[in-house]
Amino acid sequence: MKKKIGVYICHCGGNISDYVDVEKVKKSIEDEGGVYLAKTTMFACSDSNQKDMVDDIKGNELNGIVVASCSPKLHLTTFRNVSERADLNKYNYVHANIREQDSWAHSDDKNGATEKAILLVKAAIAKARLAEPLIPNKIQAQKAVAVIGGGIAGMKAAIALSDKDCPVYLIEKAPFVGGRVAQWGNMFTSNQTGEELITKLYHELIKRKNITLFTGAEVTHNAGSIGDFRLKVSVQPRYFTGTCEEKQLQQAIDACPVEVLDEFNFNLTKRKAIYRNAASEYPQTATIDMENCTRCGKCEAICDKIDLSQKEEILDLHVGSVLMATGFDPYTPAEGEYGYNEVDNVLTLPQFVRMLELSDKKLIRNGKEIKNIAYIYCVGSRQEEDGNTYCSRYCCTSAIHTSVEVKKKFPGVYNYHFNRGIRTYGKQELLYAESLQLGDIYLQGDEESLPEVSGESGKTMVKVKDILSAGRLIEVEADLVVLVTGMVPRADNSVGSMFKLPKGRDKFFNEIHMKLRPVETFIDGVTIAGACQGPKNIMESVNSALAAATKSYSYVSKGELETEPIVAEVDAELCSWCDACTAACPFDAISMTNESSKAIALINNSVCKGCGMCLPVCPTDALNLIAYSNNEIESMIDALAAG
Amino acid sequence: MTEKIRKSAKILVFSTEKISDPAIDMAGLLKLHYPPTVYTITVPCSSGIKSRWILHAYEKGFDGVFIAADGTDCVFGESCTEKTGQLVGRTHVLMKEKSLDPARLKMAAICSVCSESFVKQIKGFNEYLLKTTNP
Ligand SMILES: Cc1cc2nc3c(=O)[nH]c(=O)nc-3n(C[C@H](O)[C@H](O)[C@H](O)COP(=O)(O)OP(=O)(O)OC[C@H]3O[C@@H](n4cnc5c(N)ncnc54)[C@H](O)[C@@H]3O)c2cc1C
Chain W
139 MKKKIGVYIC
149 HCGGNISDYV
159 DVEKVKKSIE
169 DEGGVYLAKT
179 TMFACSDSNQ
189 KDMVDDIKGN
199 ELNGIVVASC
209 SPKLHLTTFR
219 NVSERADLNK
229 YNYVHANIRE
239 QDSWAHSDDK
249 NGATEKAILL
259 VKAAIAKARL
269 AEPLIPNKIQ
279 AQKAVAVIGG
289 GIAGMKAAIA
299 LSDKDCPVYL
309 IEKAPFVGGR
319 VAQWGNMFTS
329 NQTGEELITK
339 LYHELIKRKN
349 ITLFTGAEVT
359 HNAGSIGDFR
369 LKVSVQPRYF
379 TGTCEEKQLQ
389 QAIDACPVEV
399 LDEFNFNLTK
409 RKAIYRNAAS
419 EYPQTATIDM
429 ENCTRCGKCE
439 AICDKIDLSQ
449 KEEILDLHVG
459 SVLMATGFDP
469 YTPAEGEYGY
479 NEVDNVLTLP
489 QFVRMLELSD
499 KKLIRNGKEI
509 KNIAYIYCVG
519 SRQEEDGNTY
529 CSRYCCTSAI
539 HTSVEVKKKF
549 PGVYNYHFNR
559 GIRTYGKQEL
569 LYAESLQLGD
579 IYLQGDEESL
589 PEVSGESGKT
599 MVKVKDILSA
609 GRLIEVEADL
619 VVLVTGMVPR
629 ADNSVGSMFK
639 LPKGRDKFFN
649 EIHMKLRPVE
659 TFIDGVTIAG
669 ACQGPKNIME
679 SVNSALAAAT
689 KSYSYVSKGE
699 LETEPIVAEV
709 DAELCSWCDA
719 CTAACPFDAI
729 SMTNESSKAI
739 ALINNSVCKG
749 CGMCLPVCPT
759 DALNLIAYSN
769 NEIESMIDAL
779 AAG
Chain U
18 MTEKIRKSAK
28 ILVFSTEKIS
38 DPAIDMAGLL
48 KLHYPPTVYT
58 ITVPCSSGIK
68 SRWILHAYEK
78 GFDGVFIAAD
88 GTDCVFGESC
98 TEKTGQLVGR
108 THVLMKEKSL
118 DPARLKMAAI
128 CSVCSESFVK
138 QIKGFNEYLL
148 KTTNP
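Protein chains in written order, with the numbering used here: chain W, 139 to 781; chain U, 18 to 152.
None of these hints come from the bench; they were simulated from the model. By construction, the Cβ of each residue, glycine as well, lies at the ideal position given by its N, Cα and C atoms. Please note that a few of the clues may not be correct.
Unchecked claim - Here are the simulated DMTMM-like cross-link-like pairs (lysine to aspartate or glutamate), alpha carbons at most 20 Å apart as the crow flies: (1) U:48 x W:523; (2) U:137 x W:247; (3) W:449 x W:356; (4) W:506 x W:615; (5) U:115 x W:772; (6) U:140 x W:247; (7) W:645 x U:133; (8) W:641 x U:95.
Claimed, not checked - Beta-carbon label-pair distances, calculated as ranges: (9) W:635 x U:115: 39 to 45 Å; (10) W:559 x U:141: 38 to 44 Å; (11) U:99 x W:361: 19 to 25 Å; (12) W:726 x U:114: 31 to 37 Å.
Extracted from the complex, chain W is given alone in its bound form:
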């Protein structure tokens, strides 16, 4: 059928038209073969333009459309929906990216950008001329979601999914749930403790029959894709068959001869190989750290609920979507960075938060009562190029909140904040005001004049050229220096690589689009939530967790999913069955069949993922990928070459 194509060229406000002469583009393409109408539009994605497109398609019986606008990653679905609303098969719509790959990339060369836009639109028209109506594949979607990471984001996401009547597997690597939040005492901005918050969520979790919680568990293998992920999960034993009586448990802990640094307290204290972090921690059963346990059997002799013979279990899970919520690590300063590990009374903020939690009547470090505390901000954040250039968002508020907490608990303390501009956005600003009212002193440096820490003759001095007092050098003798450290991606993020999750320039997991698709990833069926995506406080983590839960649910809710009909096809005349394609296919989607007593390749459409790996190995060029046929690609090349 002869093509009647409508072409829409977007100004994108001025994002495109400031650099690309869109009217010239329109004029240059309107006589291309197949083009029935060509229009420029201020915002192609706006409701009014979408409506006009529907009217155009229906009124003129268009059987193809081209939209030249921003990246298809943003609005492919928008314009596919427009096509469907106009009863046009959505695969008859072709997109030309004239913003990210043209007007923005060549904003230094308007003529060049305009000429390029003309060719990109012509190439899209060439493809639209050949595009065939296609029917999406339908696949079964397993109605279950695996949530990886049982911190606040993972716990909230699991509860939200459960509320939608969706089975959830919550997989937590540590022996206890709660993630980092469980480590914090009173928290901004609600003044609830981390323990209270996690306890509440844990009770919500265990009330729900459709949530299965695994602690000490890690995904070790992933196969499959959206709708059909097959996961292998290794679950480490707790070495307990039940809960020991409280007194017995304490005796067992006391009897354990192994002492290691306690990572829950950021190595400020030590713990035994048999341990729990807090009496109320969930699950409330203690655990044994087998990496350090010597299997001496002393604990087993005290409590008969301890069983050192328990073994790792490997489970197979089948889910339709995966929600990643593996959180962050606090930045570890380099040796000597602001005196870290060199000057004795230099700690990080997470360490100090734990120290505060463990301190009772007096705040003491190395036998000396602490009076003056210097907080150094932006440690591990807002670094020079090649470092962590981003702002960690939570830390200004967290440092100020901690300093207010210190003052409430230990009124004689003086707080000195060596900052680089305070970023207590939103309601958090109230904390800043409170701290100022309590008499905290704020000194501000910048990237040219960062604070310096020196420890000589038993004194720790912190100095900075304070830009708030005309660059005067101000020096404070500090009993404690708190390095306000930022957030960094988990040191072990191998689970992300297992799912091929792309990382951003900050090395956190990356969403498709910050504003428009903030919890989706390029890996279909995998969503991200919480601080594994970038620095977030609890409210932000929970917001993203609820969004990711909804998105993951949308993949599995109907029990069926539409996938792209992009699969390989065989030209029976050209195929002479040499087997090269079978060897190249990573999904075992190709087998041999006989057609009119001739052996040829057969593609299993429900298994083919449309990668095209079989195409270039075929010696007779008998294989094509739907929507990427030789005709389509070569006609695009012809159009691009013509300029």
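Starting from the structure of chain W, add chain U with the ligand where the hints point.
Just chain U with the ligand, lined up with the frame of chain W:
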């Protein structure tokens, strides 16, 4: 008469939907400039590019073809790197048969945020092509 000086070579880029195309998008977002005579055709995976498409591009007048490969990030599996390498190898042989300089086909793995690397590669390739291909 002044001789027209070519500022940029004509380059066809094969990018991949999930990995290298986002990086090329991000180069634009960051306003990292590269010659406007660089055009992208997006495919699902770099190991599915046919030699005939590459040869067709030279025939039609492209100076160079750049494969922005998935590398080890490929969502379709580990074998992508090796297979993309093989198709480049096979195409090089065909190019030699047609007396085309094999260096006019370049491949580099471009991760989803490797915008700077993409622009650097393209600029270097452009310079090479300007020096070696006819104006
Ligand atoms: C010192 C400090 C104080 C803070 N105080 C506050 C405050 O007062 N108020 C506030 O709003 N925010 C505060 N925050 C921020 C808060 O800690 C984060 O917003 C929150 O922890 C993010 O939650 P999450 O679930 O995304 O990540 P996390 O808390 O890091 O939890 C992630 C979970 O995933 C698990 N995990 C990791 N890898 C795997 C894997 N491969 N498989 C299975 N599980 C895995 C981890 O064990 C962990 O349980 C503070 C942060 C710091 C550093």
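A quick look at each hint next to the structure:
no., hint, result
1, U:48 x W:523, "holds (17 Å)"
2, U:137 x W:247, "holds (18 Å)"
3, W:449 x W:356, "holds (15 Å)"
4, W:506 x W:615, "holds (14 Å)"
5, U:115 x W:772, "holds (19 Å)"
6, U:140 x W:247, "holds (15 Å)"
7, W:645 x U:133, "holds (15 Å)"
8, W:641 x U:95, "holds (18 Å)"
9, W:635 x U:115: 39 to 45 Å, "holds (40 Å)"
10, W:559 x U:141: 38 to 44 Å, "holds (39 Å)"
11, U:99 x W:361: 19 to 25 Å, "holds (20 Å)"
12, W:726 x U:114: 31 to 37 Å, "holds (34 Å)"
Hint compliance for this structure: no hint is broken.
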